[in-house]
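Sequence order for the protein chains is A and B. The numbering used here puts the first sequence at residues 1 to 337. The numbering used here puts the second sequence at residues 1 to 321.
Derived from the structure by calculation, the hints contain no laboratory data. Please note: incorrect hints may appear among the correct ones.
Mimicking EDC-like on lysine to aspartate or glutamate, the simulated pairs with C-alpha atoms at most 16 Å apart in a straight line are [what the hints assert, rightly or not]: (1) K164/B - E195/B; (2) K229/A - D324/A; (3) K290/A - E255/A; (4) K119/A - D176/A; (5) K164/B - E61/A; (6) K10/B - D285/B; (7) K10/B - D320/B; (8) K119/A - D90/B; (9) K57/A - D30/A; (10) K272/B - D7/B; (11) K119/A - D285/B; (12) K119/A - D103/A; (13) K10/B - D77/B; (14) K119/A - D7/B; (15) K119/A - D320/B.
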Amino acid sequence: MTVKTFREALNEALFQEMRRDPSVIVMGEDVSGGAGGSSGSRDAAGGIFGVTKGLFKEFGEHRVIDTPISESAIIGLANGAALAGMRPVAELMFADFVGVAMDQIYNQLAKFRYMFGGKARAPVVVRMSMGAGMNAAAQHSQTIYAMLSSVPGLKVVVPTTPADAKGMLAAAIRDDDPVIFLEHKALYSSKGEVPDGEHVAPLHGANLVQSGKDATVVAIGRMVPFAQKAAAKLAAEGISFDLIDLRSTSPIDEEMVLESLSLTGRLVVVDESNPICSIASEVAAIAAEKGFPLLRGPVRRVTAPHTPVPFARELERMYVPGPDRIEAAIRLAVKGE
Amino acid sequence: MQQSRPDILKAYRQMRTIRAFEERLHIENRTGQIAGFTHLYAGQEAIAVGICEHLTERDYISSTHRGHGHCIAKGCDPRLMMHEIYGRADGLCKGRGGSMHIADIDKGMLGANGIVGGGPPIAVGAALACAARGDGSVAVSFGGGGSSNQGTVFEAMNMAVVLKLPKIFVFELNGYSEHTGETYTIGSDIVTRTEGFGLPVFQADGYDYFSVHQAMGEALAHIRAGKGPCAIVAEATRYFGHFEGDPQNYRAKDEVRTLRETRDAMLHFRRKVTEAGLIEAAELDAIDAEIAAFIEDCVASATAGPAPGAEILLSDVYADY
């Protein structure tokens with residue numbers, strides 16, 4: 001184990017998988033960067049957040065492919081290459097750009113296996129940065145996992161820790177299905193212990209981050225460290241809870257949620273997305289449908305408001321569910337006040 | 001016409017299979033036994049076959065909603081296709097795809113496509129895999145004039161040029177973008193527009209198998225000389241509507257009749273090879289009869305094929321569902 005950043009962990013996974021399997025290729029805008037520039041450098045960017053840094057030097061332009069700003073064609077490139085036997089990792093820079101490439105994702109990639117009678121295989125990983133926290137406003141800050149989780153054929157994962165960033169990206173690349181891999185940009189510089197050497201983590205299945213007796217708190221991505229902050233404050237009041245890092249929003253680990261709920265009787269779901277048709281709503285529905293007798297009070301959802309992500313610091317802070325709101329929601333669930 | 005006798009006969013057989021398949025589906029569609037949307041390719045056979053006769057299973061094609069001809073030309077089993085169109089469990093895609101989603105990856109057929117402009121970006125990706133394999137294989141996208149106006153196609157063309165991929169864009173102009181004329185929907189000349197992306201264009205007579213075959217030969221030579229991707233533009237109209245049931249109010253009354261009489265790809269092929277003394281008319285007649293019987297048999301077996309059940313509904317969404 002070595003302490004590394006989330007960004008370094010992702011980078012390590014890409015090196016690990018590209019060394020292991022020559023069919024793994026990386027493509028996207030500026031994944032190496034510099035082609036056609038006046039400096040002559042061909043590893044000028046390494047991805048907008050530095051996740052693909054250094055890959056070009058080791059693997060060259062045939063496996064680290066800089067593309068035009070052309071999202072439909074980037075996903076198409078990955079789709080066709082995957083159908084023809086490769087394992088592409090496509091980068092879409094910002095999850096918000098998915099709209100430009102949506103047809104290639106939800107009408108093509110997601111459906112090949114099913115629509116073509118089970119014979120087609122499209123092991124594409126689509127990496128995207130997501131989430132608020134950089135004042136990047138409405139078109140560079142969204143958490144779009146709910147929208148993509150509703151599409152059959154896509155797997156959707158959201159790693160929270162550097163260890164999972166490495167292990168889950170490796171697992172996503174080895175998976176035979178399309179995987180939407182969402183990286184919270186506010187987590188890129190977060191640090192944690194990362195296994196040295198080859199590391200592959202389960203792609204799905206939630207993680208029980210901490211145990212407690214009064215409530216089950218389900219959180220996604222950056223909401224997990226926020227809920228940990230809330231836990232520290234609530235502990236002083238004698239409130240403790242199970243904190244579940246969902247890790248995967250398609251499929252959702254229903255079993256762990258319901259098992260925890262059977263012990264605590266109270267459910268709080270924390271989701272950075274807008275509330276309507278959110279993963280928070282989905283987890284609440286699972287509890288209502290399959291865990292109704294276990295519930296000792298109403299399910300509480302902590303989400304962003306039903307607004308686009310705003311720009312100004314004050315507005316963005318109000319938009320993102322922070323530790324204080326999470327703390328209040330848990331207190332409300334447990335104490336009814 | 002420098003092809004061998006067996007090659008010529010094979011091409012004719014492919015074209016006749018497509019024509020018979022489509023003409024028969026036109027009749028079958030009125031029986032009410034075929035669900036969903038069906039778009040027929042009859043009239044354009046020379047293009048699919050002229051292109052695909054150059055290809056092997058290592059090469060890839062992407063197709064369109066009007067995909068039956070491309071599928072047959074690329075080697076998909078017409079019987080399994082018929083079963084698929086009838087929605088049978090033993091169809092090529094287990095009844096999950098239907099007419100608009102026929103695919104056979106093992107044959108290098110990356111799918112018909114319900115989305116106009118959906119195929120070219122995928123074929124560019126297949127071309128990337130071809131380049132990585134370095135075995136001389138290529139990828140071809142078919143698309144009509146309608147799809148030529150989609151941004152996805154513009155993106156795909158630019159991507160192929162930037163990455164210098166072994167990719168051929170085939171534009172088969174049938175005169176219409178669904179119910180609207182191509183002279184209206186294509187804002188400029190398609191050849192110069194395509195050339196503007198940096199793609200040399202090889203033009204062919206879409207009613208003439210030999211013309212298309214020659215253009216494809218030139219396109220392949222261009223790619224194999226390391227000169228990058230290119231395009232083929234060929235005109236040939238469809239004999240039927242945009243979809244089956246289309247009243248075709250956008251067409252002059254005698255347009256199709258005139259074209260069938262004067263520009264029919266099958267008649268053209270027959271005239272050319274018999275007049276050159278390469279093939280006896282009787283040989284072609286025998287092929288026609290054999291294929292008519294084969295298609296008849298495909299329809300009979302498809303009509304009697306097994307209906308898909310819940311296990312087909314619920315499987316193959318994921319590798320490990």
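Hint check:
no.: 1; hint: K164/B - E195/B; in the structure: 15 Å, holds
no.: 2; hint: K229/A - D324/A; in the structure: 9 Å, holds
no.: 3; hint: K290/A - E255/A; in the structure: 10 Å, holds
no.: 4; hint: K119/A - D176/A; in the structure: 12 Å, holds
no.: 5; hint: K164/B - E61/A; in the structure: 12 Å, holds
no.: 6; hint: K10/B - D285/B; in the structure: 14 Å, holds
no.: 7; hint: K10/B - D320/B; in the structure: 41 Å, violated
no.: 8; hint: K119/A - D90/B; in the structure: 13 Å, holds
no.: 9; hint: K57/A - D30/A; in the structure: 14 Å, holds
no.: 10; hint: K272/B - D7/B; in the structure: 15 Å, holds
no.: 11; hint: K119/A - D285/B; in the structure: 37 Å, violated
no.: 12; hint: K119/A - D103/A; in the structure: 21 Å, violated
no.: 13; hint: K10/B - D77/B; in the structure: 15 Å, holds
no.: 14; hint: K119/A - D7/B; in the structure: 30 Å, violated
no.: 15; hint: K119/A - D320/B; in the structure: 14 Å, holds
The structure shown violates the earlier hints numbered 7, 11, 12 and 14.
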